[in-house]
Amino acid sequence: LVAFNDKIPKFWLERREELLSFIELPNHQDDSPSCFAIATQGRVMILSSTLKPIAEYRTKMPASSLAPLGSHCVAFCSSSSSCGGGNAKIRYLSCIKESDLGRGIIATMPTTRYGYAPHLLLAIRPDRIVYLSCHKGTRLIEHGENENMFLSPLPTTRPAFLLEPLTANALCQDGGIGADVSDNDTIQLLLRTLLERFGRKTSSFPHAEGEGTGSLGTGITQKVYELLDAFCCRQAAAFLLTGNALDATNSKGEALPPWLPVSVLVKAAGSCGNALRVLSSGDGYLSEYVSSPESAMASNLPQSSHVSAAISMQLAAEALNDGRTIEDVLKLLDFAGSEKSEDMLLQIALVRQQHPDAKV
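Using the numbering used here, the letters of the sequence shown map in sequence onto residues 1 to 360.
Hints were generated in silico from the structure; no laboratory data involved. Just to be clear, a hint being listed does not mean it is correct.
[Said to hold, decoys possible] Below, a list of computed lysine to any residue pairs in the SDA-like style, where the Cα atoms sit at most 25 Å apart:
1. Lys97 - Gln29
2. Lys267 - Thr193
3. Lys267 - Ala208
4. Lys223 - Arg192
5. Lys223 - Val307
6. Lys52 - Asn87
7. Lys89 - Glu18
8. Lys267 - Val307
9. Lys89 - Ile105
10. Lys223 - Ser304
11. Lys60 - Leu132
12. Lys97 - Leu132
Just need the whole structure built from these sequences, with the hints factored in.
As structure tokens, this is what we get:
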């Protein structure tokens, strides 16, 4: 990208690299300049207003298709070959500095049975993607059909779950590119609105106009929790996980989604109460008991050999080492229900009896 004079910023492409697409990302802040996204035959980049590279992803681009997902995120269609064959995917690239967290896959495109079909990404809506697939290769002609005719490609629309790329874009707002945004009120409010519209969906008709689709945690990926954890957004992670605030005591929200590893959900819990709700997920009586043991009916604890008991024992040991409240440690040890946890409970009780003023 060469300017007309020396006062305007320049960005030089690599040798034999051609510019396929150049778009300006939308910006709703008047005092902040817009970023740009460019695509060549070998990479996709996000540039600052001064044409300095912020993010880059090297891939094969069969078509010059870029679709903005916000002021710091762009979607594009990649392929394993420049002609469009192979495994085509709709990907996103954001301005987060950590490359593993700043990029991902939105959807995998279906492959053609014969020949190959390059895809052109036309648009992305809140609940779906719109693309054009142009088939290339051998086509069978039936008897009596004009062999000079050609097939006219029609746009195709498919559902899409955009919580992950939109979360990455939200974490880059208000100058928070690659920084700790736990105390940024603007980003926290944006995350709350985003999680309400694209996150937890528990009703029969899960989305309205301008909202994402999906129900019972569909669209909530492991990377979403990793993003929130990397930027210290504990309140947002707890709300996405249980539908309640981090310090809620008597909540009964189900931990979503149930198919993610328990270790990932427990790490996103952020508190002892939420962690116990994750470990008891699937058992209604046990979930009510750990939420409010004073008023709920007694419930059978998991067996000591169960994975939830082992994780609870590990969390109790970490709580002791971190110096957390003794009430959280006692709840986690009680949930574990193993011989080792019973011995630790007895030792803690004896220490507190002999030294009432001790922290343990």
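In rising order, the numbers of the hints this structure does not comply with: 3, 6, 10 and 12
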